[in-house]
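Chemist: The lines below spell out each chain.
2 protein chains.
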Amino acid sequence: MYEFVPKEKTHKLSKVERVRRLLKSENAQSHIRSLMRALHPTEIAQVLEDTKPEIQEKILRQLPKEVISEALSEMDEETHPGTLLTRLRPEVAASLIKELAPDDAADLLSQIPEDYKEQLLSYMPDEEEEVINQLMEYEEDTAGGLMNPEMITVKADMPKLDALREVVRQSEGMEDFYTIYVVDEENRLVGYLTFKALFQARNSELVRNIMNTDVISVRVDDDQEEVAKIMAQYNLPTLPVVDHENRLLGRITFDDILDVIEEESTEDLLNFAGVSEDENLRGGWANSVKSRLPWLLINLGTASTAAFVLSQFEEVISSMAVLATFMPIIAGVAGNGATQTLAVTVRRISTDGIPSRKALGVIFKELAVGIINGLMLGAMVAIGAMYFNEDYRLGAVVGFAMCANLILAGLMGSMVPILLERVGVDPAVASSILITAFTDILGYLFLFSLATAVLF
Amino acid sequence: MYEFVPKEKTHKLSKVERVRRLLKSENAQSHIRSLMRALHPTEIAQVLEDTKPEIQEKILRQLPKEVISEALSEMDEETHPGTLLTRLRPEVAASLIKELAPDDAADLLSQIPEDYKEQLLSYMPDEEEEVINQLMEYEEDTAGGLMNPEMITVKADMPKLDALREVVRQSEGMEDFYTIYVVDEENRLVGYLTFKALFQARNSELVRNIMNTDVISVRVDDDQEEVAKIMAQYNLPTLPVVDHENRLLGRITFDDILDVIEEESTEDLLNFAGVSEDENLRGGWANSVKSRLPWLLINLGTASTAAFVLSQFEEVISSMAVLATFMPIIAGVAGNGATQTLAVTVRRISTDGIPSRKALGVIFKELAVGIINGLMLGAMVAIGAMYFNEDYRLGAVVGFAMCANLILAGLMGSMVPILLERVGVDPAVASSILITAFTDILGYLFLFSLATAVLF
Chain A
33 MYEFVPKEKT HKLSKVERVR RLLKSENAQS HIRSLMRALH PTEIAQVLED
83 TKPEIQEKIL RQLPKEVISE ALSEMDEETH PGTLLTRLRP EVAASLIKEL
133 APDDAADLLS QIPEDYKEQL LSYMPDEEEE VINQLMEYEE DTAGGLMNPE
183 MITVKADMPK LDALREVVRQ SEGMEDFYTI YVVDEENRLV GYLTFKALFQ
233 ARNSELVRNI MNTDVISVRV DDDQEEVAKI MAQYNLPTLP VVDHENRLLG
283 RITFDDILDV IEEESTEDLL NFAGVSEDEN LRGGWANSVK SRLPWLLINL
333 GTASTAAFVL SQFEEVISSM AVLATFMPII AGVAGNGATQ TLAVTVRRIS
383 TDGIPSRKAL GVIFKELAVG IINGLMLGAM VAIGAMYFNE DYRLGAVVGF
433 AMCANLILAG LMGSMVPILL ERVGVDPAVA SSILITAFTD ILGYLFLFSL
483 ATAVLF
Chain B
33 MYEFVPKEKT HKLSKVERVR RLLKSENAQS HIRSLMRALH PTEIAQVLED
83 TKPEIQEKIL RQLPKEVISE ALSEMDEETH PGTLLTRLRP EVAASLIKEL
133 APDDAADLLS QIPEDYKEQL LSYMPDEEEE VINQLMEYEE DTAGGLMNPE
183 MITVKADMPK LDALREVVRQ SEGMEDFYTI YVVDEENRLV GYLTFKALFQ
233 ARNSELVRNI MNTDVISVRV DDDQEEVAKI MAQYNLPTLP VVDHENRLLG
283 RITFDDILDV IEEESTEDLL NFAGVSEDEN LRGGWANSVK SRLPWLLINL
333 GTASTAAFVL SQFEEVISSM AVLATFMPII AGVAGNGATQ TLAVTVRRIS
383 TDGIPSRKAL GVIFKELAVG IINGLMLGAM VAIGAMYFNE DYRLGAVVGF
433 AMCANLILAG LMGSMVPILL ERVGVDPAVA SSILITAFTD ILGYLFLFSL
483 ATAVLF
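Top line first, the protein sequences correspond to chains A and B. Note that the numbering used here has the first sequence beginning at 33, numbered continuously upward. Note that the numbering used here has the second sequence beginning at 33, numbered continuously upward.
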């Protein structure tokens, strides 16, 4: 039995951590096998992700094939488990690939150079080679790219006892399975069989009479985000994948979907903060510069526009420099008000969606929030300005600018993502960079136009 | 068979949407039963979430109990499915509660007033009442709050045939199950039985000889975030929950965890944008004002500090107003640089974690990115300033301020969340509001101190 997963996260980390440290001493390296035996393949994957190539090779050489292959399939794609294979003898690498489920094999192989891949595939039986090659053809972020073609299927016109034997036969040498699919003579998906039905029905009963026909499936070219949504919404541990004629091609399991959801959440946060979703969280500086510089350049453009607006008021600023000191308050606070609204709206779109008939309601709500927050903060800023500058007209100007800018922040923060979604653009690109450009520019316009009108 | 989930999300929405619209016409209301029959309980939940009380009641009155109870358990907690119960006669409401899994029943009951809850519970058999009452005692965000006490268990010293009979007996009237747990005489968890073992072993074989002992479990008071991490990391469809003496109390299924992950991702994005995680995405304006105003007030404080810094340079601004036009560029672009770094660092902490020995590496990387982006953008800003103002010293000042501020942005964006995590504070509270306050203040200090030193 694996050690119980301890309560404190720190203990848990230190278990893998302990092994990592031990591996650094020459002495421990001769005991790799016993060290690793205490770890779950997922934990071995964590160790592999984070040790030097020489030690990785030593670990691989000492563990049973089925453990290594499971660990490889659990490694974070960003740590390039595929390149580990290229450092092994081809026969050894090929034997590891054979242990894997075809979808995991295809994922690993797609990471290594073409010629070495061909070489490894030449060790596989023709049939398996064909399956893996086919899987590599599907786009990575579609149902086809996620599915595993290994699954348990029975025919609708079999008697139950034959189906049970078929399930036992097919389950040999297979990982866990959660659903038994039922197909017709043309391999079209017509239902699924629950374990309960399989246990409880009479032996002679035909599968079609005991199967459940409420089967939900996805098409092979459906987007992975759509797949994740359906599995979450309908609470499905597995989801069958069919082609355009409803022929069963494979199944996606809940654990594939957990990875998709984590990936999408990372992308959402990065997009929101103005980082390209291609940024690898563990990548080097070059990857980060490449994924962030374009957004900073866009921001340089929007900020320069704000600077241009300000330059139109240079005379006002010269003759009343105190106005400039209010710029970070008027633009900054409203910028954050817009960011708040944007976050709530973008998240709502990406979880439940905002149907057309609700869009106006959402915008009105954000307008109301903007008005209330605007009135309160506007009043505070006005009182502060009057108090420190002993000028009630200045107080009125900055208070009004603050209030107006927060109201517009609420409108922009909700309207922009809703409109983008309507026209088919991912609302996540309305990152805070773009939305705060609006509040900067509008804030300066409010502040200095009002000041020009009232104070001069 | 339910209609196939269509490829386009818009079609899918319109199916529920079509029913919603039909429900508005008097004519269709007499056909609620047939309308609803075309929908999956999850879709009925979507309709219920979004219709007026009168129509909700009509729908409830016309559907079979097991469909209603499933739909109620699928409704978004934020739409208060519990209050729907309070509008039904107590016998009817109680009969719906009886249909539910105990964990879903406890969730629903915890939303309704104490006296009505007592009344409903009085209709239940004593045993069920006790189970539900016990479940309501666990904190909502712990393993105990998520678990379902209904599961299939067999004893380690049973022969396989008895175990199989036990599984068939226990699975009557139960929702899907995915794992058969094995306990000892004291109800302590000792392993699990795969279906494969159950199908393939000899009838007389003892369960303890065919069970799998690699069982991973969580404690009843473990945090839901920790539970989600373990299920995702070890790819588990169900996770057993035990007490401090390893006695089996219940199980958590992957679909509970999908909800937790969605909830946590929402919290992360909201925190990041300076919105309290209590904000209900579909809530009204009052809820939003309450969850956002405190952060705006904090922001008013940080922005006022920036304004105070600026007020120290009023003379410089008066005599050289062009400097003020560069404020949005120096402060804004670096603010976004800091936000980018913060998003990548916070997300990395919340997915893989950043162990101590890697912290310095992360900070150095962000420093490098800051230096490179700083040099590039600093040069651009300098050239722009020289070109438009025909003053090379001004160009040097703004270029240098831009570069220095972007470098500090990289340092702050990575160091602040890492340090917060070390001292046990959720790094998500280092929202962009706080981090951009730094870059505002530092940017103004760089710009105007340099200008004072060089240009006057």
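Treat the hints as calculated values from the structure; they're not laboratory data. We put the CB at the ideal spot given by N, CA and C, even for glycine. Be a bit skeptical, because a hint or two may be false.
Covered by chain B, per the in silico footprint, the following chain A stretches (three or more residues, Cβ under 8 Å) [stated by the list, open to error]:
no. : region
1   : 113–123
2   : 173–187
3   : 304–310
4   : 350–362
5   : 393–406
In silico SDA-like cross-links for lysine to any residue, where the CA-CA straight-line distance does not exceed 20 Å [as the list claims (entries may be wrong)]:
no. : chain 1 : residue 1 : chain 2 : residue 2
6   : B       : 397       : A       : 229
7   : B       : 187       : B       : 120
8   : B       : 322       : B       : 461
9   : A       : 130       : A       : 143
10  : B       : 322       : A       : 399
11  : A       : 228       : B       : 232
12  : B       : 228       : A       : 133
13  : A       : 397       : A       : 428
14  : B       : 322       : B       : 344
15  : A       : 322       : A       : 333
16  : A       : 90        : A       : 123
17  : B       : 228       : A       : 226
18  : A       : 397       : B       : 124
19  : A       : 228       : A       : 218
20  : A       : 397       : A       : 420
21  : B       : 390       : A       : 90
22  : A       : 397       : B       : 187
23  : A       : 228       : B       : 194
24  : B       : 90        : B       : 134
25  : B       : 47        : A       : 265
26  : B       : 397       : A       : 133
27  : B       : 90        : B       : 120
28  : B       : 228       : B       : 217
29  : B       : 228       : A       : 199
30  : B       : 187       : B       : 246
31  : B       : 228       : A       : 230
32  : A       : 228       : B       : 235
33  : A       : 390       : B       : 83
34  : A       : 47        : B       : 47
35  : B       : 390       : A       : 143
36  : B       : 187       : B       : 228
37  : B       : 90        : B       : 64
38  : A       : 322       : B       : 400
39  : B       : 390       : A       : 50
40  : A       : 97        : A       : 112
Chemist: Against this structure, judge whether each hint is valid.
Modeler: Cross-check of the supplied hints:
1. Counting residues of the region 113–123 of chain A whose beta carbon lies closer than 8 Å to any beta carbon of chain B gives 0, which falls short of the minimum of three for the stated coverage.
2. Counting residues of the region 173–187 of chain A whose CB falls under 8 Å from any CB of chain B gives 0; the rule of at least 3 is not met.
3. By the rule of at least three residues with a Cβ nearer than 8 Å to a Cβ of chain B, the coverage given for the region 304–310 of chain A holds, with 4 such residues.
4. Restraint check on the region 350–362 of chain A versus chain B: 10 residues with Cβ-Cβ distances below 8 Å, three needed, restraint holds.
5. Coverage of a stretch by a chain is defined here by at least three residues with a beta carbon nearer than 8 Å to that chain's beta carbons; for the region 393–406 of chain A and chain B the count is 6, and the condition holds.
6. Simply put, residue 397 of chain B and residue 229 of chain A have alpha-carbon atoms about 57 Å apart, too far for the 20 Å limit, and the pair is violated.
7. Between residue 187 of chain B and residue 120 of chain B the CA atoms are separated by roughly 42 Å; this puts the pair beyond 20 Å, and the hint is violated.
8. Pair hint residue 322 of chain B plus residue 461 of chain B holds up; C-alpha atoms about 17 Å apart against a cutoff of 20 Å.
9. Distance hint between residue 130 of chain A and residue 143 of chain A is fulfilled; the C-alpha atoms sit about 16 Å from each other, no more than 20 Å.
10. Under the criterion of a C-alpha separation no larger than 20 Å, the hint pairing residue 322 of chain B with residue 399 of chain A is consistent with the structure, at around 15 Å.
11. With a C-alpha separation of about 17 Å, the suggested pairing of residue 228 of chain A with residue 232 of chain B holds against the 20 Å cut-off.
12. For the proposed pair residue 228 of chain B and residue 133 of chain A, the alpha carbon gap of about 18 Å is at most 20 Å, so the pair holds.
13. Between residue 397 of chain A and residue 428 of chain A the CA atoms are separated by roughly 26 Å; this puts the pair beyond 20 Å, and the hint is violated.
14. For the hint linking residue 322 of chain B to residue 344 of chain B, the alpha-carbon distance of about 34 Å lies beyond 20 Å, and the restraint is violated.
15. Our distance criterion of 20 Å between C-alpha atoms is met by residue 322 of chain A and residue 333 of chain A, whose separation comes to about 18 Å.
16. Restraint check: the Cα-Cα separation between residue 90 of chain A and residue 123 of chain A comes to about 17 Å, which is no more than 20 Å; the hinted pair holds.
17. Proposed proximity of residue 228 of chain B and residue 226 of chain A is supported: the alpha carbons are some 14 Å apart, at most 20 Å.
18. Only pairs whose Cα atoms come within 20 Å are accepted, and residue 397 of chain A paired with residue 124 of chain B is rejected, the gap being roughly 36 Å.
19. Distance check on the hinted pair: residue 228 of chain A and residue 218 of chain A sit about 26 Å apart at the alpha-carbon level, beyond 20 Å; violated.
20. Distance hint between residue 397 of chain A and residue 420 of chain A is unfulfilled; the C-alpha atoms sit about 34 Å from each other, more than 20 Å.
21. Restraint check for residue 390 of chain B and residue 90 of chain A: not satisfied, since their Cα atoms lie roughly 23 Å apart, outside the 20 Å limit.
22. Among the hinted pairs, residue 397 of chain A with residue 187 of chain B is inconsistent with the structure: their alpha-carbon atoms are about 57 Å apart, more than 20 Å.
23. A C-alpha spacing of about 16 Å is found between residue 228 of chain A and residue 194 of chain B, which places the hinted pair at or below 20 Å, so the restraint holds.
24. Restraint check for residue 90 of chain B and residue 134 of chain B: the C-alpha separation of about 26 Å exceeds 20 Å, so the hint is violated.
25. For a cut-off of 20 Å, the pair hint linking residue 47 of chain B to residue 265 of chain A stands: about 15 Å separates their Cα positions.
26. Proposed proximity of residue 397 of chain B and residue 133 of chain A is contradicted: the alpha carbons are some 37 Å apart, above 20 Å.
27. Taken as a hint, the residue 90 of chain B and residue 120 of chain B pair is honoured in the structure, with Cα atoms around 11 Å apart against an allowance of 20 Å.
28. Pair hint residue 228 of chain B plus residue 217 of chain B does not hold up; C-alpha atoms about 24 Å apart against a cutoff of 20 Å.
29. Taking the CA atoms of residue 228 of chain B and residue 199 of chain A, the gap is about 9 Å. The hint holds against a cut of 20 Å.
30. Taking the CA atoms of residue 187 of chain B and residue 246 of chain B, the gap is about 17 Å. The hint holds against a cut of 20 Å.
31. For a cut-off of 20 Å, the pair hint linking residue 228 of chain B to residue 230 of chain A stands: about 13 Å separates their Cα positions.
32. The hinted pair formed by residue 228 of chain A and residue 235 of chain B meets the criterion: a straight-line CA distance of about 19 Å does not exceed 20 Å.
33. Using a Cα cut-off of 20 Å, the hinted pair residue 390 of chain A and residue 83 of chain B holds, with the two alpha carbons roughly 12 Å apart.
34. A threshold of 20 Å between alpha carbons decides the hint, and for residue 47 of chain A with residue 47 of chain B the separation of about 50 Å lies outside it, so the pair is violated.
35. A hinted pair counts as satisfied when its Cα atoms are at most 20 Å apart, and residue 390 of chain B with residue 143 of chain A does not qualify at roughly 26 Å.
36. Among the hinted pairs, residue 187 of chain B with residue 228 of chain B is consistent with the structure: their alpha-carbon atoms are about 18 Å apart, no more than 20 Å.
37. This hinted pair checks out: residue 90 of chain B and residue 64 of chain B have alpha carbons roughly 8 Å apart, not beyond 20 Å.
38. A distance of roughly 13 Å separates the Cα atoms of residue 322 of chain A and residue 400 of chain B; the hinted pair therefore holds under the 20 Å criterion.
39. Taking the CA atoms of residue 390 of chain B and residue 50 of chain A, the gap is about 15 Å. The hint holds against a cut of 20 Å.
40. Between residue 97 of chain A and residue 112 of chain A, the direct Cα distance comes to roughly 19 Å. Compliance with the 20 Å bound is thereby established for this hinted pair.
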